[in-house]
Amino acid sequence: MWMVIFLAAAPTLSLSPEEIIVRNLPDAAAAARTLRVYVEPYQVGQPAVLGQVRLQGKTLHFAPRFGLTPGLTYRVEAGTFRQSITVPRPQRKPSTRVQIYPSGERLPENLLRFYLYFDAPMRRGEVYKHVRLLDEQGKEIDIPFLELDEELWDPSGRRLTLLIDPGRIKRGLKPREEIGPVLEEGKSYTLEIADSWHDAEDVPLKATVRKRFKVTAALTSPPQMNRWSLSSPSDRLPLVVTFDRPMDYALAQRLLYVTNARGEPIAGTITLSQNETVWSFTPTQPWTYGEYRLVADTRLEDPAGNSLARPFEVDRLRPIEKKIPVEKQSRTFWVTKKDKDQ
Amino acid sequence: MLRRNLACVLLALCVTSLLIAAQADPSKGLVRGDVTLTSAGPLTFGPNGILFAADPLAATLYALDTGDNKPADSSERPQVEGLSDKLAKLLGINAKDVRIGDLAVNPLSGQVYLSVARGSGAKAAAVLVKVDRKGNLSELSLQNIPHAKVQIPNANDKSRSEAITHIAFLNNRVYVAGLSNEEFASNLRTIPYPFDKADRGASIEIFHGAHGKFETRSPIRVFAPYKIGEEDTILAAYTCTPLVRLPVKALEPGKKIKAVTVAELGNRNRPLSMIVYRKAGKDYVLLANSARGLMKINLEGIDSIPGITERVKDKAGLKYETIAGKEGVQKLDAFGKEHAVILVKKGDTLHLETMELP
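Protein chains in written order, with this note's numbering: chain H, 67 to 408; chain R, 20 to 377.
Simulated from the structure, these hints should not be mistaken for lab results. Keep in mind that this is a model prediction, so the values were computed, not measured. One or more of the hints may lead you astray.
Derived Cβ-Cβ restraints for the label pairs, each shown as a range [to be verified]:
no.: 1; chain 1: R; residue 1: Gly366; chain 2: H; residue 2: Arg163; range: 29 to 35 Å
no.: 2; chain 1: R; residue 1: Pro172; chain 2: H; residue 2: Arg397; range: 52 to 58 Å
no.: 3; chain 1: R; residue 1: Glu250; chain 2: H; residue 2: Glu330; range: 43 to 49 Å
no.: 4; chain 1: H; residue 1: Asp201; chain 2: R; residue 2: Arg51; range: 56 to 62 Å
no.: 5; chain 1: R; residue 1: Ser93; chain 2: H; residue 2: Asp201; range: 30 to 36 Å
no.: 6; chain 1: R; residue 1: Thr55; chain 2: H; residue 2: Thr325; range: 35 to 41 Å
no.: 7; chain 1: R; residue 1: Lys277; chain 2: H; residue 2: Gln340; range: 37 to 43 Å
no.: 8; chain 1: H; residue 1: Arg163; chain 2: R; residue 2: Lys277; range: 27 to 33 Å
no.: 9; chain 1: R; residue 1: Pro172; chain 2: H; residue 2: Thr402; range: 21 to 27 Å
no.: 10; chain 1: R; residue 1: Arg51; chain 2: H; residue 2: Arg131; range: 19 to 25 Å
no.: 11; chain 1: H; residue 1: Gly145; chain 2: R; residue 2: Ala310; range: 32 to 38 Å
Where is the CB? At the ideal position from N, CA and C, for every residue including glycine.
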C-alpha cells in the first residue's frame, strides 16, 4: 500500500529565482520534449513563452528566456499534465522620488525642456499620462509636450527629458499660430508629476510632485561666455563660474569643463547651484599654480535651446554677425598663490 | 582548335567573375557571432535579406543577415489580431510592458520583422520577432548570426542618449535620423554600407527656414527615398509636421542644408511612419500621423512646387486626403506593390493588418 502511494506521488510545480521546476512527472525525459509554458489567462493559439527546458535527473527545469515576471501566472503543459503557478510579487513601499529641472521659479516663455530626475529606474511607456501642466486656475494645458513614442530617457532609465512642443515655441509655425504658445509671459503654471507613475519594479512614486513657476519674457539671445564671471580658485577651493543666465542642467555638466594650459582635461567634480546660474568645479587633485582654461562646447544651451553658437531661432531679416562656426570657446584663468602664502 | 576553345571558356569565366565582382556584395564584411540588442529601434531591409536594425541605447547600427532571402511559398498576407498581447505572452511579460519599436517587411519573402522592447529597468531587453505570412510569431535568433555593426559617432555619452526615429537604405548608404535627449539637434547621419571602420558616417544639420522669416534647427522624424525625375531625393517629415524635400546630393557632411517645405500637414500632430508608392502611374506618400489619421499625399507637381514660405492657414502645398477607417496606424511598410502592412492601435492593443494601398 505504501509503495502504491509513493508511485502515485503527484507532479508538482515550484519556483527558483530564474526557473519553473517540475517534479514527479512519470516520464520526465519524454515530457521534456513536449513541455510548453504559457502565460495565463490562456487562449487557444497563444504562443508559448520563449525559454529552455533542462532535464536534471527526473526533474524538469524551464528557464524563461527573459526570467520570471513577478505577478504573472504561468501554465505548464507536458503531455496530459497541466498546472499553473504564480510568481509572487515582492511587496515594497513606494520610495521613488522625482526632482525637476530647471529648478528656478521663474522660467522663460520659450522654455524648451524639463528634466525629470528619478532616484530609481522607471517604467517606460505612456509616461505622458502621468505628467500635466496646469494654468493658474488649475486647468490642464492641452498637449503641451512633444509626445514621443521613444520617450527620451537616459540609458539608466532615471532621467526623462520632457520637450515642450517646439511647434508651439517656434514663431511662424502653425501650431503656435493657431493654438498659441504653451507658456505665456506673466502667467503662473504648475507642472505636476503624479504618483500614479510606477517605477521599473512596478511600485508607484512616493508622492505626487508639483512645481509652480512664473513665466518671464522669452530668452531669444544666445548665452555669452565673455559675460560670465570666474572666481580665482586656489588649493582645493573650487572654480566658481557665474553664468549670464541659468543654463541647461544636463548640458552644463557635459559640455563645460576645465583643461590645463596644454588643453588636457582636469578631473574633478561639477556642481550646479542657484537655479543653474552658478557652476562650480572642484579638482580631484589640488590646483597647481599656473594657467588653466574653462572650455565650453558651443552646443551648450540655456533652457530655451539657445546655444553659445546660435539662438534657437534666427531672424533672417535682422542682421546678425556672421561668425565662422567654432566648436569650442574658452576663458583663461590663473591659479595663483594667495596673499597670505606669499 | 581545342586551345582556342579553352581560351574562349577562360575569357568567358574571367568576364563572368569580373561582372560578379563588380556588383556590390551585400554580405561583404559580415561575420558570424552573437548579437545582443539593448533597445528596440527602427528597422529597414537592404538587399538580399539583410536587415538593418538600430539599437539607439547602444548607439549602434547592425546589418543582420536574416537568411530570409527566398520568395515566399505562401500568398497569404500577414494578419495578427491582438499582436501586442501575443508578443507579451511570447516574451513572458504583461502586455503594458511590451513596446514595438518598428516593423519592416522583407520585400523578398513578405515576412514581417518587429523590433520589440520588453520591460524596463535592469531586466529590460530587446528582441527581433518574425511574423510569417500565416501570422505565426517567432524570435529571430541573434546567436551566431552573420552580422556587421557600426557605432554611431558621438550619439551617446554619459546620460546623453539619442532616440533614433527612422532609418532608410538608399544607394549603399544607410540614412539615420535621431533626436537627442539633451541638445535640440537636427541630426541626419549617412553611413556607407558595407560598413567601413574609417567612415562611420557624418552628421548633417538640417534647418527649417520655410516659415516666415525665422530659421530653426528641426529634427527630421521619418523619411523615405524618392526619385524626382533623375534626382534622388529624400522626402522627410519633421517632428513638428511639415513635409519637406531634400536632394540627396546636397546631403554632405559639414554643409548647412535648408529643406524645401512641400506640404503642411496640420497642427497637434506628429508624423509616425511613411512610404512612397505608385498606383495607376502616379506617385503617392502614405503617412501615418499621431492625430491626423492616415494620409495619402499626391506627389504630383513636387518637382515644380516652389516651397511654402508664407504662413499658411491650415494645410498647404501638396494635396492630400485622409483615409477613412484607418485610425490609429502607428507604423507601416510596403508589402509588395499593392499592399502595406500596418500596425494599428485600438484601445491599448496593437494589431497587425495588411491593407490595400489606397
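Verification of the supplied hints:
1. R/Gly366 to H/Arg163: 29 to 35 Å: Since the Cβ atoms of R/Gly366 and H/Arg163 sit about 32 Å apart, the hinted range of 29 to 35 Å holds.
2. R/Pro172 to H/Arg397: 52 to 58 Å: Hint violated: Cβ distance 28 Å, outside 52 to 58 Å.
3. R/Glu250 to H/Glu330: 43 to 49 Å: holds, 48 Å
4. H/Asp201 to R/Arg51: 56 to 62 Å: With a Cβ separation near 59 Å, H/Asp201 and R/Arg51 satisfy 56 to 62 Å, so the hint holds.
5. R/Ser93 to H/Asp201: 30 to 36 Å: Because 56 Å falls outside the window, the suggested range is violated.
6. R/Thr55 to H/Thr325: 35 to 41 Å: Hint holds: Cβ distance 36 Å, inside 35 to 41 Å.
7. R/Lys277 to H/Gln340: 37 to 43 Å: Cβ of R/Lys277 to Cβ of H/Gln340: about 39 Å, so the range 37 to 43 Å holds.
8. H/Arg163 to R/Lys277: 27 to 33 Å: violated, 45 Å
9. R/Pro172 to H/Thr402: 21 to 27 Å: violated, 40 Å
10. R/Arg51 to H/Arg131: 19 to 25 Å: For R/Arg51 and H/Arg131 the Cβ distance comes to about 21 Å; the hint holds.
11. H/Gly145 to R/Ala310: 32 to 38 Å: violated, 52 Å
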